[in-house]
Structures are given as C-alpha cells and as structure tokens.
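Each protein sequence line maps, in turn, to chains A and B. Sequential numbering of the first sequence, starting at 89, is according to our numbering. Sequential numbering of the second sequence, starting at 89, is according to our numbering.
Hints were generated in silico from the structure; no laboratory data involved. Hints may contain errors.
One copy or two, either will do: identical chains are not told apart, so a pair holds if it fits within one copy or between any two.
What the hints assert, rightly or not - With a Cα cut of at most 20 Å, we get these calculated DMTMM-like pairs of lysine to aspartate or glutamate: (1) K332 x D360; (2) K218 x E101; (3) K303 x D244; (4) K284 x E98; (5) K467 x E103; (6) K255 x D452; (7) K96 x D433; (8) K321 x D244; (9) K303 x D461; (10) K284 x D360; (11) K93 x D244; (12) K284 x D363; (13) K321 x E172; (14) K125 x D286; (15) K284 x D476; (16) K467 x D91; (17) K321 x E335; (18) K303 x E110; (19) K93 x D433; (20) K93 x E275; (21) K96 x E172; (22) K321 x D138.
Number of protein chains: 2
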Amino acid sequence: MADPKITKMEVIEFEYFVENMEGSGRIQLPGYAPGTKIRNTARMVVIHTDAGVTGEYVGGSATEHSAIGLFANAVIGESAFARERIYNDAKQATRQHARMGMSQVDMALWDLAGKLLDQPIYRLLGEHRKSFPAYASTYIGDNYPGGLNSPEAYADFAEECYDMGYKAFKIHPWQEAPIEQHVRLVEVVGERVGDKMDLMLDPFCAILTFGDALKIGRACEAYNYYWWEDVFKDGGESAFAHRKLRELIRVPLLQLEHVRGLEKHVDFIVADGTDFVRIDHDYDGGITGVMKIAHASEGFGLDVEPHGPGPSRRQTMAAMRNSNYYELGLVHPKLQPSYPPVYLDGYSDMLDAIDENGHIHVTDLPGMGVTHDWDFINKHTVGKTVYD
Amino acid sequence: MADPKITKMEVIEFEYFVENMEGSGRIQLPGYAPGTKIRNTARMVVIHTDAGVTGEYVGGSATEHSAIGLFANAVIGESAFARERIYNDAKQATRQHARMGMSQVDMALWDLAGKLLDQPIYRLLGEHRKSFPAYASTYIGDNYPGGLNSPEAYADFAEECYDMGYKAFKIHPWQEAPIEQHVRLVEVVGERVGDKMDLMLDPFCAILTFGDALKIGRACEAYNYYWWEDVFKDGGESAFAHRKLRELIRVPLLQLEHVRGLEKHVDFIVADGTDFVRIDHDYDGGITGVMKIAHASEGFGLDVEPHGPGPSRRQTMAAMRNSNYYELGLVHPKLQPSYPPVYLDGYSDMLDAIDENGHIHVTDLPGMGVTHDWDFINKHTVGKTVYD
Chain A
89 MADPKITKME
99 VIEFEYFVEN
109 MEGSGRIQLP
119 GYAPGTKIRN
129 TARMVVIHTD
139 AGVTGEYVGG
149 SATEHSAIGL
159 FANAVIGESA
169 FARERIYNDA
179 KQATRQHARM
189 GMSQVDMALW
199 DLAGKLLDQP
209 IYRLLGEHRK
219 SFPAYASTYI
229 GDNYPGGLNS
239 PEAYADFAEE
249 CYDMGYKAFK
259 IHPWQEAPIE
269 QHVRLVEVVG
279 ERVGDKMDLM
289 LDPFCAILTF
299 GDALKIGRAC
309 EAYNYYWWED
319 VFKDGGESAF
329 AHRKLRELIR
339 VPLLQLEHVR
349 GLEKHVDFIV
359 ADGTDFVRID
369 HDYDGGITGV
379 MKIAHASEGF
389 GLDVEPHGPG
399 PSRRQTMAAM
409 RNSNYYELGL
419 VHPKLQPSYP
429 PVYLDGYSDM
439 LDAIDENGHI
449 HVTDLPGMGV
459 THDWDFINKH
469 TVGKTVYD
Chain B
89 MADPKITKME
99 VIEFEYFVEN
109 MEGSGRIQLP
119 GYAPGTKIRN
129 TARMVVIHTD
139 AGVTGEYVGG
149 SATEHSAIGL
159 FANAVIGESA
169 FARERIYNDA
179 KQATRQHARM
189 GMSQVDMALW
199 DLAGKLLDQP
209 IYRLLGEHRK
219 SFPAYASTYI
229 GDNYPGGLNS
239 PEAYADFAEE
249 CYDMGYKAFK
259 IHPWQEAPIE
269 QHVRLVEVVG
279 ERVGDKMDLM
289 LDPFCAILTF
299 GDALKIGRAC
309 EAYNYYWWED
319 VFKDGGESAF
329 AHRKLRELIR
339 VPLLQLEHVR
349 GLEKHVDFIV
359 ADGTDFVRID
369 HDYDGGITGV
379 MKIAHASEGF
389 GLDVEPHGPG
399 PSRRQTMAAM
409 RNSNYYELGL
419 VHPKLQPSYP
429 PVYLDGYSDM
439 LDAIDENGHI
449 HVTDLPGMGV
459 THDWDFINKH
469 TVGKTVYD
C-alpha cells in the first residue's frame with residue numbers, strides 16, 4: 089500500500105438537547121432537574137484522504153477544538169499513518185495551550201488507520217480481551233424527589249445497579265453540602281452495599297480544604313472503598329498534597345484526570361501522588377497518548393483507569409492488561425448518560441449496556457468500532473471549520 | 089465602600105495585521121519573511137460593575153477565552169473584589185480544561201480593583217521597585233538576508249541590543265536546523281557578547297531528543313549562559329528529564345512555561361526539575377496565580393521570571409523581589425514585537441522601550457497602568473461574547 093495522504097480535516101459542531109437536566113450552583117454543574125432541558129454541543133473531527141477513506145471521532149470540548157488550527161498544517165498532506173510524527177508536532181505546536189486538540193485528531197487518525205486496514209483498533213494495538221467490567225458512575229447529587237437527594241437515595245440506586253449486574257459503583261456527591269453530609273453519604277452507601285460492590289468516591293474537587301478531605305477519607309477507609317479520587321480544591325493537581333493524603337489515609341487514591349499528558353503523569357507517579365493512574369483519551373493525547381501512559385504505568389506496576397465511557401475507551405481497554413473498570417456514566421435513578429445520540433448499530437453506553445456479568449464488550453467493526461448517524465449530525469450542525 | 093457588583097462580562101475579539109511576518113515549517117511558527125503579512129487576532133475581557141467602573145484586560149489565546157463560559161456564572165453578580173472566591177470557583181469549573189480562561193478574567197478583575205481604588209496594581213500588591221532590567225528576546229531564526237539567518241547575524245543583533253542598553257539577550261534559534269548549527273549559534277553569540285551580556289537560550293522545544301539537548305547544553309556551559317530553557321521535545325513538561333539535564337549540565341535551567349498553575353509549579357520545583365521558575369500571567373491564573381507562585385518560589389529561595397512583556401508583567405515585577413529580568417520581545421533586526429496596537433499614553437514594549445540602563449518602568453496610572461485605544465478595538469472587532 090502506498091502512503092494514503094490526508095487531504096482535508098473538518099471539525100463539525102452540532103447540538104443536542106437533554107431533558108430533565110440543568111446547571112446549578114456557582115459553576116453550573118449539570119444535574120437532575122425535572123421539567124428542564126439543557127442544550128449541549130458536541131464536535132466531530134473528520135479526516136479525509138486521497139484513498140477515499142475517512143477517519144472520524146466524536147468528542148472533545150470547544151476548548152480542545154479551538155486549538156486544532158495550531159497544528160493542522162502538520163496534518164494536511166501527511167501520510168494517514170503518520171500518527172507518531174503528528175503527535176510530536178502537535179505537542180510542540182500546542183505547548184502553550186496545554187496540548188489542546190491533539191487528542192481528538194489522534195483518535196480520528198486511529199479510526200482512519202483501522203478503516204484503511206479493515207480492522208478494529210484493538211487488533212492494531214494488540215488484543216488482550218474483548219470485555220471488561222463496568223462501574224455505574226452517578227451524576228452529582230441533587231435535591232429533587234426521586235433523585236440523588238440523600239445518602240439513602242444513593243444507596244437505593246447502588247442496590248438497583250447491583251441487581252442489574254454491576255459489581256462496582258462510583259459516587260459523585262453534592263457540589264455544595266456540609267462535610268457531615270458527605271461523610272454520611274460515604275457511610276450509608278458503604279454500609280448498604282460495601283460487602284458486595286467495589287465502591288469509589290469522586291467529589292470532583294468540590295471539597296474546600298485538605299482538612300475536610302481527611303474527614304471524608306477516614307469514612308472511605310472505614311468502609312474499605314476501592315478508590316477515592318479528586319477530593320479537594322487543589323484541583324487534583326498537587327502530587328505533594330496527594331502523597332500526604334496517601335500517608336494519612338489507607339484508601340487507594342486515583343488521580344491524574346486533571347493533569348494532562350504522558351510526562352506529567354509519570355512525574356506525578358514518581359512523586360508518589362497516586363495509586364491508580366487516571367487516563368482520559370480526550371485530555372491525554374488520544375489513543376496514542378493513553379497507550380503511552382498505560383505502558384509507562386505498566387512499567388511502574390500500576391493500573392490505568394479510563395475516564396468516562398465511549399468507543400475509544402473500549403478499544404484501548406481491550407488492548408490493556410493493567411486496567412480494571414470501564415466507567416459507565418453518568419447515571420442516575422431518573423437520568424441516562426448524556427452523550428450525543430450519534431451511534432448506530434446498537435452501540436450503547438446507557439445504564440443497561442452491560443451483560444449479565446456487568447461487563448462491557450468491544451465491537452468488531454473496523455476503526456473505532458462505531459457507525460455514526462450522519463442524518464442526526466447533519467440535521468443538528470451549528471458550525472464547521474475546514475482545514476485543507 | 090459597599091461591595092460594587094459585577095453586572096456583565098464581555099469578551100471582544102479583534103484583528104490586526106503584522107507586516108513582514110508569516111508562519112513557516114510544519115507547525116507554522118511565525119517569523120520574519122519580507123513582503124508578507126500575517127493576520128493576528130487578540131481578545132479583551134471587559135468586566136462591568138454597578139459602580140460604573142470597568143476592568144479591562146487584553147491578552148490570552150482563543151483557547152483560553154473559549155473556556156470563560158464555564159465559570160462566568162460565578163463572576164456575574166459577585167463583588168468586584170471577590171478575586172479569591174472567583175479564582176477557586178474557576179479552578180474547579182475548568183479542572184477538565186487546564187484552567188483555561190481564568191487568567192484573563194482574573195487580570196480584568198485586578199484592573200477593576202485598581203481603578204475602583206484609583207491605584208496601580210503594584211501598590212495594591214505592595215511595591216518593591218518601579219523599574220527592572222529587560223532582556224532582548226529574539227524571534228525564531230529565519231533564512232532571509234538581513235534576518236536572523238546565521239549565528240553571526242544573531243551575534244550582530246546582540247551587539248546592537250547591547251549598544252542600546254540591554255544587558256541581557258535571549259536566543260530563540262531555528263525550528264528546523266542541524267544540531268551542529270544550533271551548537272555553533274550558542275558558541276558564536278557566546279564568543280561575541282558572553283563577557284558583557286547575560287545570555288539565555290530557548291529552543292522552544294524544537295530539539296528532537298534528550299541526546300541532542302545535551303550537545304546544546306555543553307555549549308551553553310562552555311560560554312557560561314545565564315539560563316537555558318524548554319530545550320527539547322518532551323514539551324518542557326518532564327520534571328524527571330530536566331532533573332537529569334540539571335545533573336549533567338551545570339547551566340541553570342528555566343522551566344515551567346508549559347506547566348500551568350501553582351500546584352504543578354511547586355511539584356516541579358520539589359522534583360528538582362528547574363532552577364529558575366517560569367511564570368506566565370496568561371497561563372498560570374492571572375496576577376492572583378503568578379503572585380501565589382512567586383510567593384511559593386520565594387519560600388523555596390528561587391526566582392520567578394515572567395514570560396513575555398506586557399502591562400501585567402510590569403505591575404507584578406514591581407511588587408516582587410525575587411525576579412531578575414523583563415522579557416522584551418520578540419525582537420529582530422527587521423521586526424518589532426507583534427502585540428496588538430491598543431495602548432495609548434506612550435506605553436510601549438518596542439525594542440527602544442528601555443531606558444539608558446536597560447530598564448523598563450512601571451507606570452502610575454490606576455489598575456493595569458494602561459489606557460486602551462477603543463477606537464482601534466471597535467474598528468477591528470470581529471467577534472463578541474457577552475455574559476450577563
């Protein structure tokens with residue numbers, strides 16, 4: 089095969105609406121609110137080649153996509169397989185922009201490679217398995233009847249998930265609640281399902297102080313939580329502070345969602361700042377970036393745990409030994425995950441997407457393993473940028 | 089004074105053109121190219137209050153500004169003085185977006201505070217000095233006659249700067265050149281002016297490997313360079329690699345331009361990854377963020393060196409002991425700095441902005457110390473976003 093050349097790259101922005109959800113509090117985090125509706129936008133990267141095959145990826149924030157123009161020149165005209173060269177160029181081009189945008193382009197390139205070779209990505213990476221367990225990962229807490237409005241409501245929902253087949257459950261608590269309520273939430277859920285589910289806690293950095301973080305940590309310790317994560321307002325970024333948390337609380341920490349890219353992941357590990365290694369395909373340099381982190385972590389003897397669900401997470405978990413759980417979310421007694429409705433052929437990250445063992449399966453379609461609903465995307469397009 | 093309330097925030101995008109400059113190479117870094125013209129865009133944040141006073145800040149990339157909507161709700165309706173509360177909210181709201189946008193809003197808030205109190209920012213921070221030395225910081229190398237097209241051309245330009253009063257000179261070399269040419273550049277400039285100027289080298293992460301970085305480092309060592317910076321393609325992010333460079337090469341390293349925010353700066357220092365501490369007001373959380381880093385660095389006994397020129401850099405250097413040089417740039421035998429032409433009242437960051445001692449002075453106008461040219465901005469506005 090001669091090198092297929094990249095001829096054009098497009099970023100398509102489209103909108104979709106989610107019912108019974110709105111932003112609340114000072115920073116407007118989205119959560120359950122009956123009778124409301126929220127407008128979301130999503131973005132797709134499409135890479136065209138002179139071979140007539142295109143690579144596609146749906147994902148990434150507006151902030152990510154705003155930086156793609158910085159390195160588009162290094163993509164256009166390149167070989168469709170030149171991922172490593174493009175990764176290095178994009179890394180330098182976005183060095184003052186936190187490596188924004190390179191992840192989404194990398195994943196469209198992986199989809200492209202799979203389609204050119206008519207193989208799913210996990211086969212190109214090297215298959216380890218075709219399924220893996222998922223945890224049910226909740227929306228943030230709310231104050232509505234029938235919602236996640238009390239520790240007991242979380243515990244009820246955890247049992248519901250257990251009955252569906254989930255063996256693990258992650259709590260995103262409230263954005264604004266007294267520390268005593270946070271502690272009680274950890275205790276009540278731990279008491280109810282702690283003996284039969286792996287429990288995780290992720291306060292998404294809502295806790296104001298290190299001191300309050302310790303109070304929550306002691307509750308996690310008492311109920312033997314599987315991990316706790318991004319607890320307090322340092323933003324999940326201080327390796328120094330998290331080493332101290334690890335010394336004081338014997339619950340495994342999962343950090344690094346908010347620390348972007350391979351080199352800083354390794355520095356954080358070396359600084360003893362985490363036990364589990366968070367990877368995010370949309371923040372860490374795409375599949376190229378997360379596989380580098382997975383391999384570096386394997387060298388440290390550590391596990392990597394992907395942030396959020398999606399086709400890219402499935403393809404890579406299928407090619408990794410050192411990873412435990414697929415994050416199925418966000419979920420809630422009254423809300424389904426709010427990803428854009430663009431996947432055909434039965435692909436689902438809804439609450440009931442697991443099999444009877446609580447597992448998620450990778451598909452055998454080529455590339456990212458999904459077919460996009462172009463009718464929906466075309467009908468809801470609100471913006472387009474073309475690089476050629 | 090009752091709390092003045094923030095009523096509205098605007099982001100205004102405007103364009104301006106720079107002659108004899110264009111992007112070149114795979115990632116299109118801008119440099120000298122006679123007869124060409126490049127279109128730049130810039131952005132201003134304007135914060136309105138019910139006191140009738142507004143805070144303004146010009147700066148930040150499109151990527152930064154794309155994230156402001158994530159925390160705008162925590163700004164609108166707040167006290168104009170609530171910088172610390174807004175800093176913490178914005179940090180959490182942008183935790184998955186590398187803290188983008190919070191710097192620009194913070195600096196408009198500082199301008200606002202200064203104007204409300206009719207004082208320049210450095211007085212609110214606490215004055216240390218009213219002037220400080222600058223280094224002439226070059227554009228990247230080019231291949232045009234009269235440009236920075238050879239080691240000798242850099243050396244000639246360094247002498248020209250010395251004759252103007254500059255006591256320090258920083259080389260941005262070529263994006264694509266053989267390693268031997270990089271080494272010769274360090275040697276030729278060192279030979280010519282090394283005995284009378286402090287010399288710095290910043291290859292903006294263009295060098296492909298650690299091995300090539302060492303070759304350049306040995307040349308810097310031989311000519312006693314003041315610092316070297318962001319040498320190779322790790323992107324300036326690996327504390328581990330830079331500790332190794334520090335062990336192998338006894339030239340002070342300046343790192344952290346590409347590592348954003350207080351906590352990760354401190355982690356990098358603790359990991360022995362740098363000697364001088366780079367701060368950037370547009371990446372590190374604004375004046376609030378860089379002052380936190382300056383104080384943390386002071387606690388480590390280290391100096392902080394601001395990235396790039398501008399009013400915010402002047403206000404903060406005036407309030408710091410532990411900082412050596414103002415970065416005047418980028419400069420070139422045929423090109424002036426390319427910041428947007430929006431400052432009235434004689435404010436200048438052009439090559440001749442220094443006094444006879446090579447110093448830059450802070451002004452005594454209130455807030456950021458500059459008056460913006462609204463005629464120019466209004467005439468060149470290409471986009472506007474309003475948060476209210």
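Here is how each hint holds up against the structure:
{"no.": "1", "hint": "K332 x D360", "in the structure": "both (9 Å within a copy, 19 Å between copies)"}
{"no.": "2", "hint": "K218 x E101", "in the structure": "neither (32 Å within a copy, 48 Å between copies)"}
{"no.": "3", "hint": "K303 x D244", "in the structure": "neither (24 Å within a copy, 63 Å between copies)"}
{"no.": "4", "hint": "K284 x E98", "in the structure": "neither (47 Å within a copy, 52 Å between copies)"}
{"no.": "5", "hint": "K467 x E103", "in the structure": "within (9 Å within a copy, 32 Å between copies)"}
{"no.": "6", "hint": "K255 x D452", "in the structure": "neither (25 Å within a copy, 64 Å between copies)"}
{"no.": "7", "hint": "K96 x D433", "in the structure": "neither (27 Å within a copy, 46 Å between copies)"}
{"no.": "8", "hint": "K321 x D244", "in the structure": "neither (29 Å within a copy, 51 Å between copies)"}
{"no.": "9", "hint": "K303 x D461", "in the structure": "neither (47 Å within a copy, 53 Å between copies)"}
{"no.": "10", "hint": "K284 x D360", "in the structure": "neither (30 Å within a copy, 44 Å between copies)"}
{"no.": "11", "hint": "K93 x D244", "in the structure": "neither (54 Å within a copy, 43 Å between copies)"}
{"no.": "12", "hint": "K284 x D363", "in the structure": "neither (22 Å within a copy, 51 Å between copies)"}
{"no.": "13", "hint": "K321 x E172", "in the structure": "between (35 Å within a copy, 13 Å between copies)"}
{"no.": "14", "hint": "K125 x D286", "in the structure": "neither (33 Å within a copy, 60 Å between copies)"}
{"no.": "15", "hint": "K284 x D476", "in the structure": "neither (54 Å within a copy, 48 Å between copies)"}
{"no.": "16", "hint": "K467 x D91", "in the structure": "neither (34 Å within a copy, 47 Å between copies)"}
{"no.": "17", "hint": "K321 x E335", "in the structure": "within (19 Å within a copy, 34 Å between copies)"}
{"no.": "18", "hint": "K303 x E110", "in the structure": "neither (30 Å within a copy, 56 Å between copies)"}
{"no.": "19", "hint": "K93 x D433", "in the structure": "neither (29 Å within a copy, 52 Å between copies)"}
{"no.": "20", "hint": "K93 x E275", "in the structure": "neither (57 Å within a copy, 41 Å between copies)"}
{"no.": "21", "hint": "K96 x E172", "in the structure": "within (19 Å within a copy, 45 Å between copies)"}
{"no.": "22", "hint": "K321 x D138", "in the structure": "neither (48 Å within a copy, 30 Å between copies)"}
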